[in-house]
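Q: The primary structure of each chain is shown beneath.
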Amino acid sequence: MGKSTSQKIKVGVFVVIGTILLVATLYFIGNKQHLFTRNIEIYATFANVNGLTLGNNVRYSGINVGTVSKIDMVDEGTITIQMVVEEKTSRFIKKDAIASIGSDGLVGSMVVNIIPGKSQDAKPVIAGDTIQSYSRIGADDMLSTLNTTNENAALLTSDLLKITNKILEGKGTLGALVSDTLLAKDIRQVVVELKKTTLGTSAAITNINAIISKINYDESAAAVLLSDTVSANQIKNVFANLEKSSKDINEVTKNIDEYIQEIKSGKGTLNYVLQDKDLVKNIDSSMINIKEATQKLNENMEALKHNFLFRGYFNKLERQERKEAKEK
Amino acid sequence: MNKADSILSQTKSFFAEIGDMTFFAGRFFKEASSSPFEFKELLRQCYNMGNRSLLLVSVTGFILGLVFTLQSRPTLMQFGAQSWMASMVSLSIVREIGPVIIALICAGRIGSGIGAELGSMRVTEQIDAMEVSGTNPFKYLVVTRIMATTLMLPLLIIMGDAIALFGSALIENLKGDVSYLLYFNQVFEALKFSDIVPATIKSVFFGFAIGLVGCYKGYYCSKGTVGVGEASNSAVVYISMLLFVIDFIAVFVTDIFI
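For the record, the sequence lines run as chains A and B. So for the first sequence, this note's numbering puts the first residue at 1; every next one is plus one. So for the second sequence, this note's numbering puts the first residue at 1001; every next one is plus one.
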């Protein structure tokens, strides 16, 4: 072949080392899945990571966006996890996103699920951000709750069994209902009666409906009475006023009654005026005197007109009257 | 001191052998890319290695699928996950078990066959005679064989996978009342190109390794009948080891890209 042994050894060593290097490189690339993509680190804090390990997937809305790169126990009950997330998808993860640890299928490995936040205007996460976390109920907690539920269900079913036994034996109201044939007959009768009553009620309702349908809602007084609330109020007012007026009338009548009683019994001024005859004579003579006095005053006034002291004044009045008559 | 010397010489010979094999592979590429091409011999070898291995591969594949399903059933039944049988079996057979087992079977049949054949030709000086007569023995004997194994092994592996899946379907049909139609529906639902293509590429390398090591061991066989046995034996050992190394690398590469 023409190849010396040392050449062969060199090539052999080269091939072996090359293969080892290739495997090592592939291993490291495989271990750090996101070696060739630009990544950012974000953090989340949990009280319990439920067996999460390094390299577990990080999912955002169900898509693998990164891996868990570090898990640190900061203090008791506080575990901080570092997640390496692809930069191109990190812009969709907002600052109000929530991280929770879940299981990938029933028996699968753990995953960190990042759930989108509700706020629309939250800013995207940047490297070093810590997002909120939400600790889901672990399988153990679920099982313990389920256990309690089962115990309760067992108690319930045993009680239910007792009740059903009693019913079968015909004890209690329900038992009577189920097993008593007379009661059944009575109930049937009741139902028949109820049916009749229902039919009667139905007929009555039909009649009422017919009556109602006959009412002319637009124009008739009944319609106004039935439907016009303004008129109803007015009518109410009218009745109130009427009541008040009747009370007043009652009062007035009472007063009048009292007056009449007083008059009848001869009390008061009016009664005196009406009953005393001398007073009437006096008034009559006074009236005659007043008449005579008025006549004499007229004569005096006529004499005064002709007096030289007052004549000028009366002439002036006459002239003025004549002037006004002419103007008209 | 004596022991250290022997370890050193063993190490040296190990590296020398790897180096020699690398040169051998280099020569193969050189010879394979230059005319004349021995198509007739290539076809003969393809028939010899492909068709004649078919029965062995079929039986092995069938039993493989059958046994694998039978053994997995109880575990899956504990989870109540018998319906995952089709996808689990198909994925593990197509991605890993099928190629490796069938390649190992072929290493035993084809690799040792090539080693023994070429070794005996070397021992009986037929190769020297060919060189003397002006025929290029490397082109005629080595290139055709390596090409034949490289071409045939992927086909054999695909064939073996299919038969293994049929064996699995048979068990599911008998034991789990799963119809063949449902089983193969589930299989094709579970399988993706990302499962089949890497496995097929891997099997090309398996074929190349089987042909290369078998030919190398036979071609440089030491004189005497013991040499033929040794060539055949060490061919199988080397091929088996190399298959696992290739598989190991293939798994890493697949893991990165898919």
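These are computed hints drawn from the structure, not numbers from a lab. The structure presented is a predicted model; accordingly, all values stated were derived computationally and were not measured. Note that beta-carbon positions come from the ideal geometry of N, C-alpha and C, so glycine has one too. Check before you lean on any hint, since a few could be wrong.
The list that follows gives simulated cross-link-like pairs (lysine to aspartate or glutamate, DMTMM-like), each with its CA atoms no further than 20 Å apart [unchecked claim]: (1) A:K10 <-> B:D1005; (2) A:K244 <-> A:D228; (3) A:K264 <-> A:D248; (4) A:K94 <-> A:D180; (5) A:K214 <-> A:E193; (6) A:K3 <-> B:D1128; (7) B:K1139 <-> B:D1005; (8) A:K94 <-> A:D75; (9) A:K3 <-> B:E1038; (10) B:K1223 <-> B:E1096; (11) A:K94 <-> A:D72; (12) A:K3 <-> B:E1117; (13) A:K236 <-> A:D248; (14) A:K123 <-> A:D140; (15) A:K10 <-> B:E1038; (16) A:K3 <-> B:E1096; (17) B:K1139 <-> B:E1230; (18) A:K94 <-> A:D104.
Covered, in the sense of this in silico footprint (three residues per stretch, anywhere, with C-beta under 8 Å from a C-beta of chain B), are these stretches of chain A [claimed, not checked]: (19) 93-100; (20) 128-134.
Q: Hint by hint, note whether the structure agrees.
A: Structure-based check of each hint:
1. A:K10 <-> B:D1005: holds, 19 Å
2. A:K244 <-> A:D228: Violated, because 24 Å separates the two Cα atoms, which is more than 20 Å.
3. A:K264 <-> A:D248: Measuring from Cα to Cα gives roughly 24 Å; hence the hint is violated.
4. A:K94 <-> A:D180: violated, 69 Å
5. A:K214 <-> A:E193: violated, 32 Å
6. A:K3 <-> B:D1128: holds, 19 Å
7. B:K1139 <-> B:D1005: Not OK: K1139 (chain B) and D1005 (chain B) at ~38 Å, beyond 20 Å, violated.
8. A:K94 <-> A:D75: Outside the cut-off at roughly 27 Å; violated.
9. A:K3 <-> B:E1038: violated, 27 Å
10. B:K1223 <-> B:E1096: Violated, because 39 Å separates the two Cα atoms, which is more than 20 Å.
11. A:K94 <-> A:D72: Roughly 23 Å between the alpha carbons, so the hint for K94 (chain A) and D72 (chain A) is violated.
12. A:K3 <-> B:E1117: Violated, at about 25 Å.
13. A:K236 <-> A:D248: holds, 18 Å
14. A:K123 <-> A:D140: violated, 37 Å
15. A:K10 <-> B:E1038: With Cα atoms ~33 Å apart, K10 (chain A) and E1038 (chain B) exceed 20 Å; violated.
16. A:K3 <-> B:E1096: Distance of about 38 Å is beyond 20 Å: violated.
17. B:K1139 <-> B:E1230: Given that 20 Å is the threshold and the Cα spacing comes to 24 Å, the pair is violated.
18. A:K94 <-> A:D104: violated, 23 Å
19. 93-100: violated (count 0)
20. 128-134: With 0 residues in contact (Cβ-Cβ under 8 Å with chain B), the coverage given for the segment 128-134 of chain A is violated.
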